[in-house]
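Spelled out from the first residue to the last, the chains are:
2 protein chains.
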Amino acid sequence: MNRVLMTGAAGYVGHRLARRLAGDGIAVTALLRPGSDRSRLAKVPGLTVREHDGDLDALVAILADAKPEAVFHLAGKYVREHARADVAGLMRDNILFGVELLEAMRAAGVNRLVHAATYFQHMDGSAYRPLNLYAATKQAFEDMLSYYVAVHGFSATTLVLYDVYGGGDWRRRLIPAILAALRSGEAMPIPGDDPALDLVYVDDVVEAFMVAASLLIENPDQVAGHRFAVAPGRRCTLSEILAAFERRAGKPVPIKKGAWPAPARTLTVPWQGPPVPGWQPQISLDEGIRRLLAEA
Amino acid sequence: MNRVLMTGAAGYVGHRLARRLAGDGIAVTALLRPGSDRSRLAKVPGLTVREHDGDLDALVAILADAKPEAVFHLAGKYVREHARADVAGLMRDNILFGVELLEAMRAAGVNRLVHAATYFQHMDGSAYRPLNLYAATKQAFEDMLSYYVAVHGFSATTLVLYDVYGGGDWRRRLIPAILAALRSGEAMPIPGDDPALDLVYVDDVVEAFMVAASLLIENPDQVAGHRFAVAPGRRCTLSEILAAFERRAGKPVPIKKGAWPAPARTLTVPWQGPPVPGWQPQISLDEGIRRLLAEA
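Just so you know, the sequences run in chain order A and B. Taking our numbering, the leading residue of the first sequence gets 1, the next gets one more, and so forth. Taking our numbering, the leading residue of the second sequence gets 1, the next gets one more, and so forth.
What the hints contain is simulated information worked out from the structure, not anything from laboratory work. Because the structure is a prediction, the values reported are computed rather than measured. Every residue, glycine too, gets a C-beta built ideally from N, C-alpha and C. Wrong hints could be hidden among the right ones.
[Stated by the list, open to error] One side of the interface only, derived from the structure: several residues of chain B facing chain A at Cβ under 7 Å: (1) 56; (2) 91; (3) 147; (4) 291.
[What the hints assert, rightly or not] In silico SDA-like cross-links for lysine to any residue, where the CA-CA straight-line distance does not exceed 20 Å: (5) 251/B to 160/B; (6) 77/A to 53/A; (7) 77/B to 160/B; (8) 77/A to 88/B; (9) 67/A to 220/A; (10) 67/A to 92/A; (11) 77/B to 92/A; (12) 77/B to 187/A; (13) 257/B to 160/B; (14) 67/A to 22/A; (15) 256/A to 151/A; (16) 77/A to 92/B.
[As the list claims (entries may be wrong)] If you anchor each label on the Cβ, the simulated ranges turn out as follows: (17) 61/B to 221/A: 50 to 58 Å; (18) 89/A to 254/B: 51 to 59 Å; (19) 240/A to 50/B: 53 to 61 Å; (20) 107/B to 277/A: 41 to 49 Å; (21) 85/A to 35/B: 22 to 30 Å; (22) 153/A to 257/B: 26 to 34 Å; (23) 277/A to 265/B: 25 to 33 Å; (24) 152/B to 46/A: 43 to 51 Å; (25) 39/B to 33/A: 35 to 43 Å; (26) 254/B to 33/A: 51 to 59 Å; (27) 89/A to 184/B: 30 to 38 Å; (28) 89/B to 240/A: 33 to 41 Å; (29) 64/A to 184/B: 43 to 51 Å; (30) 77/B to 64/A: 55 to 63 Å.
Can you build the whole structure from these sequences, using the hints too?
Here it is as structure tokens:
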């Protein structure tokens, strides 16, 4: 793997993948929308940034110019519970933009893709039952991709991501909230019950992308046309996670139990897909928390 | 069934369905885009036309105002082999518009939908393998619909349409081409081989929509969440079809065999889904051709 193109490089998983690729000496072209926050990409050496403003002809030229051996597609808009005003943006960012990318790849003769799906597509562990509109747009993109696979010989691998956590996470999520509570001493609101989480450390997730792309180039029969779970070894309960933080930090995490409303729908049974061949998560919850506190 | 809303009323199947609904005394609101050709709807008595220009709040108001017991969603953009310039329009018309409709239904408390899918989603009779980008957008819409079914209690039925033909068809398709060749005496180009077609007369298709919507209102367990094939009793070869026309018209159809290039991909094995409960095609090829010639 010498040259790749990626979308979503300004996102949490994306910027870590970009850093890893560049660190491995791979030439990375990051396709960003105008206005994407590039501050975290400044530290990635040798990254080429190209902007896509929706002009499909220009996108074809970018693909033809970059000539990537593989494309990582991680861009997407996430909303847990959408409002009416989110609909058009979810459709544009998660479906239309992806299809434009595929169309440009086709025109430029680039046909290897590794992309990020979500375990939210699999409520109750089912083959497909979306937890939210975001998850439905992810499934819709996969169906659009099927056309390029069936008709244009694309070689594509889908990685189903679970709950990704890691150092330097700026997203409004549970783990950053625990960190903030430890730091500030202010009690964090948590649900009244003890929910289970499917945490995977970001470095493990990045490794899954690296393994999948390498296989797609060198051993496509193993991965092309398949979906793989980038899942944790096991689920953890919130109380286990809090206890692990407390052991590492040497002090209690201040909490306000019952002050966080339980979400309307949760993944009681996570999807049980096969892992990427040769990959399994290496970073235990304890080790993940150690790295995360070290980065913080 | 007293009040319905429909999309695609300006299309071929749609305008026949609108006519049937109005003829049965059902109040029909037709949701059209600005610029849709309304000429064929002028003859439909009592039809209410409302325009949707992409404003989702206005669409919610239209749904709330019409209070339909069921929505027929037939609108769509069709391109057999898309060009790069078609991509955005296919996505907008076949996915985004449909999701806006679903979102407006949800907001207005309307939750019954019957919509048109295509047998092109099932290349080689498979569960899903799209023949073209159009078919992929249809599948993507079904994925989006699954969200409204799973999370918002929608009651939806999918009718998988095959090759619909009938009188007064203005679309560039085989049957209108045969009619034109009979009328003008100019030889029509046909493929060198003898392809099979899955023809269903438009009145049978309209009946399938009527049956499905009635069941969805009165006996939802039989149809909600299901996909049904609006398929012919049997496939016909092109030579059979030409022979049937020649018998009815009493003269040969002038043809130029081999002058029409065989398409890159055809449906060698059509999808074998269950029919709408209680429905089966009533109009034989001979009877269909009789009606069609009578209308012409």
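* Asked: Do the Cβ positions of residue 277/A and residue 265/B conform to the proposed distance bound of 25 to 33 Å?
  -> 31 Å, holds
* Is it true that residue 39/B and residue 33/A lie within 35 to 43 Å of each other by Cβ? -> Because 42 Å falls inside the window, the suggested range holds.
* Asked: Is the straight-line distance between the alpha-carbon of residue 77/A and that of residue 92/B 20 Å or less?
  -> 18 Å, holds
* Asked: Between residue 89/A and residue 254/B, is the Cβ distance one that fits in 51 to 59 Å?
  -> With a Cβ separation near 54 Å, residue 89/A and residue 254/B satisfy 51 to 59 Å, so the hint holds.
* To do: Determine whether the Cβ-Cβ distance between residue 152/B and residue 46/A falls within the hinted range of 43 to 51 Å.
  => Hint holds: Cβ distance 47 Å, inside 43 to 51 Å.
* Okay, residue 89/B versus residue 240/A on CB: inside 33 to 41 Å? -> 50 Å, violated
* Asked: CB of residue 85/A to CB of residue 35/B, is that within 22 to 30 Å?
  -> Holds - the Cβ-Cβ distance for residue 85/A and residue 35/B, about 25 Å, lies within 22 to 30 Å.
* Restraint check for residue 77/B with residue 160/B, where alpha carbons must lie at most 20 Å apart -> Answer holds: residue 77/B to residue 160/B is near 16 Å, not above 20 Å.
* Taking 53 to 61 Å as the hint, is the beta-carbon distance of residue 240/A and residue 50/B inside that range? -> Holds, since residue 240/A and residue 50/B (Cβ atoms, about 55 Å apart) stay within the stated range.
* Do the alpha carbons of residue 77/B and residue 92/A lie within 20 Å of each other, as the hint requires? -> 18 Å, holds
* Asked: Are the Cα positions of residue 67/A and residue 22/A separated by 20 Å at most?
  -> 17 Å, holds
* Compare the distance between the alpha carbons of residue 77/B and residue 187/A with 20 Å, and conclude whether the hinted pair is satisfied. => 54 Å, violated
Checked against the numbered hints given earlier, the structure breaks hints 4, 5, 10, 12, 13, 15, 27, 28 and 30 and satisfies all the rest.
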